[in-house]
Amino acid sequence: MNTHEQTQSPRLPIIVFAALILLTISTVLLSGLDVGNTTSLLIAMAVASMKAGLVLYFFMHLNHEPLIFKLFLGVAFFTLLAIFVLTFSDYSFRVLA
Amino acid sequence: MTDQVLAVEHHHDEVGTRLGFWLFLYTELFLFAAFFLVYAVYRSSHLEDFKLAAENLNTTIGAVNTVILLTSSLTMVLSLDALKKGSVKLAKILLLATVTLGVTFLIIKGFEWGAKFDHHIFLQTAKGIAAGQGSPLLTPGEEMLPVGQVLFFGLYFVMTGTHALHIIIGATWMLIVYFWISKGSINPENHGVLERCGLYWHLVDVIWIFLFPLYYLVA
Amino acid sequence: MDKAASQSYLNSHTNPKWTKGFMSWFMSTDHKRIGIMYAMAMFTFFFVAVCLGFVMKLQKMFPASSGWEIIPVEMYGSYFTLHAIIMIFLFIVPGAPAILGNFFLPLQIGAKDVAFPRVNLLSFWLYLFGATMAVTGVLLGGADTGWTFTPPYSINTRTISVLGIAFDSVSWMLTAAFILGWGTILTGINFIVTVHRMRAKGMGYFKMPLFTWSIYATSWLQVLATPVVGITLLMIVIERIMPVGFFNPAKGGDPILFQHLFWIYSHPAVYIMILPSMGLVSEIIPTNSQKPIFGYKSIAIASCSIAGVGYLLWAHHMFTTGMSDFAALLFSFLTFFVAIPTAIKVFNWTATLYKGSITLTPAMLFALAFIFNFSIGGLTGMFLGSLSTDIHLHDTDFVVAHFHYTMFGGAAFGLIGGVFHYFSKMFGKMYSMKWAKAGFGFMFIGFNALYFPMLLLGYYGMPRRYQTYPDIPIFNKLQLASTIGSWILVTGVIIVLAVWIHALLKGKRTSDPNPWNSSTIEWQTATPPTLFNFEVEPVITRDPYDYEAFRAEVKAGTSLGASHD
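Protein chains in written order, with the working numbering: chain B, 60 to 156; chain G, 117 to 335; chain X, 497 to 1061.
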């Protein structure tokens, strides 16, 4: 695959970096908002996911990789999702005496 | 009947090697995922205690550390780009910058942990609860931490500790790569090892991206 | 014929430094040698664990009131723990992928080796290191926690070593399991990349043989499930050493959470155990029926489905622990789904036999026995997956019989059949057909005589992991029958191992590339294969089980059939 050998100018990584810093600042500020616990957690996880996504896609060059790399990521992601959801099918529904 | 020795023709598959390395990164991700799952379960059943415990963590220091690690990811990416373009010297400088930022992160973490120990958090209090008696390391009159907080701090130390271990591994690997670049075995035509080292480092960064809000932004 | 032998992988090396003796094996990155080394180690450990099981059954021969005691009650826990740790972590989980997967995956897809040969050797070293740790752990005090290491017992228990010193042997065993896990993870990564990047020209994914498909599905389970249990076991070690509260209820932890994390691996682990053997059955049956397998595509997809669905079932091991009723219902519901792709395979194998030209080679006998044993094992699983019946059957001998029917009668029988199928290809020697079939007979009869009574014992209420039982006529009869069954089974195991050892040392040399007239391309290599497997890189033009096309090729001289030499 030749696309991977394309050399990048430092512009794109620096823009991505700036976005990451902005997202970090936002998540700190947003955590001070007076919303419910669940909403606060969801916001924090959403921002973290965006940051992780930027790192995966741009810093780790997933944008240049063949489709199979993204398929593998999908498999890992959905497996993790299943593990969390199914574990909470126990914990969210426990009836405490 | 004498044995024969045959040379292996090395069919170098960069994409395949990278694919295999991504799979290895997923195994690391799943290692941390187990910790995150334990965290999630205990947070959902001890939320108020988690919030109280998290007040002992300094959000500013956590944010500074986050910025340090994000910057180190940037320098890592730029180092790889520099090497691919042929700027070997710049690549080495950026690589060293990455290591320095990683070590800085560790030093700050070390101070954070030290502060916890000074406040008798972690070992003593958990011991006290288990034995049902006062711990010898607690000064008389000092109170036991509630259960939810004990869980929080146990997870805090083990998760950030495991993360720190991965920073040490990553930084060590980078120093080895630095040495190999100096020797010339890693060079613009042959940069796979640096690339994979970078991928590992970015994963360490991604783990912290999730650790930061879960420990420092709970209160 | 001497020329062929002198050019095989057994007389060829890639590293001029290591061409003689032990080091030429221990330092070899040749996937074929690595597979053989795994086989030697694994079947040795298997035999040790069989002996432990033999003694356990001997202990259970007569009830407590008779005064019969072979294993004192305080030792019994260590026996079944070690038996299980060896069987599961040292034999059947790494098992077929390590031995036959290593040897035959590259051959089945027309490749020279796996994607990462040096990592492959590292996997073997990790296996050997972890295995040695586990076995020496016995001297250091072992573990009496069961292979499931359930807290709080696994956190609090302290053992005294055989040498009389207090030593944290439980942490030692846990660390051994962690290291072993890394061996299987690296093998899984290796195989996934091999399948994606190293198939021969013309071999699209749906032209790969079914053993390859099964190894591929298994590898995904190895990669994604093993890390979770690895770190969970380390969490127990941490809790033993440091006063954190992960799973210890005394510190506010939830022991059920450990069980969730443990079974998130250990349930997919059973699919790691069974899928490769199913793949072997999918090779043996069409070969010994001389016709295409029925429903190739559905078996391939079923392998991946079993792996995928198998991820979602883990808490059916935990129905009685105290988790939520909703979770119990959900997991029970999901558990029934995995029966669908599994049943599809059984139906397809059976349909393959119809109007086939059947040859009852030893491999075929084991494959047919697989279908029989695994069907019983799978069906008994239904009773365990149903909440109401599980309440009564959980933690009884019914469970023990269920998993032995699937893992031993299924996975191990399949692996043994696979070794018989591929033996001559691997070693260039042939074994005694007569004695192989005799070994099969003893194993099959002994196996069912040993485990079927345990289904009944569990139904009648006999708990598992108990050193003895009360003097009740039905218990006495069934336990005695089961113990005698174990003697017949062990006789069979000894015969099978002796057949292989005899063949290795004194067996008739053969260079027949394709003794069973099989259509898949691993047979288009020399017997034993040369160092790089294929002299000319194969180009695939037909489906793997297209026996009509294969017979035409043999006639035209472009493929090697059975040469009856």
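Any given hint could be a false lead.
[Unchecked claim] One-sided and incomplete, this derived list gives chain B residues near chain X with beta-carbon spacing under 7 Å:
(1) Thr98
(2) Glu124
(3) Thr138
(4) Ile142
(5) Ser148
[Stated by the list, open to error] Cβ pair distances, simulated, as ranges:
(6) X/Ser884 / B/Ser85: 32 to 40 Å
(7) G/Gly308 / B/Leu130: 16 to 24 Å
(8) B/Ile127 / G/Thr216: 32 to 40 Å
(9) G/Asp234 / B/Ala77: 31 to 39 Å
(10) B/Lys129 / G/Val219: 27 to 35 Å
(11) B/Ile127 / G/Gln120: 34 to 42 Å
(12) X/Lys793 / G/His127: 24 to 32 Å
(13) G/Asn303 / B/Leu126: 56 to 64 Å
(14) X/Cys800 / G/Thr278: 50 to 58 Å
(15) G/Asp234 / X/Pro648: 24 to 32 Å
(16) B/Tyr116 / G/Lys201: 15 to 23 Å
Simulated from the structure, these hints should not be mistaken for lab results. Ideal placement from N, C-alpha and C gives every residue a C-beta, glycine not left out.
Consistency of the hints with the structure:
1. Thr98: For B/Thr98, the interface hint is violated, since the closest Cβ of chain X sits about 24 Å away, which is over 7 Å.
2. Glu124: Violated, about 13 Å.
3. Thr138: 5 Å, holds
4. Ile142: 6 Å, holds
5. Ser148: 4 Å, holds
6. X/Ser884 / B/Ser85: 32 to 40 Å: Since the Cβ atoms of X/Ser884 and B/Ser85 sit about 52 Å apart, the hinted range of 32 to 40 Å is violated.
7. G/Gly308 / B/Leu130: 16 to 24 Å: 22 Å, holds
8. B/Ile127 / G/Thr216: 32 to 40 Å: Hint holds: Cβ distance 36 Å, inside 32 to 40 Å.
9. G/Asp234 / B/Ala77: 31 to 39 Å: Once the Cβ atoms are compared, 37 Å apart, the range 31 to 39 Å for B/Ala77 and G/Asp234 holds.
10. B/Lys129 / G/Val219: 27 to 35 Å: Holds: the Cβ-Cβ distance is about 33 Å, inside 27 to 35 Å.
11. B/Ile127 / G/Gln120: 34 to 42 Å: 38 Å, holds
12. X/Lys793 / G/His127: 24 to 32 Å: 31 Å, holds
13. G/Asn303 / B/Leu126: 56 to 64 Å: 30 Å, violated
14. X/Cys800 / G/Thr278: 50 to 58 Å: 32 Å, violated
15. G/Asp234 / X/Pro648: 24 to 32 Å: With a Cβ separation near 31 Å, G/Asp234 and X/Pro648 satisfy 24 to 32 Å, so the hint holds.
16. B/Tyr116 / G/Lys201: 15 to 23 Å: 21 Å, holds
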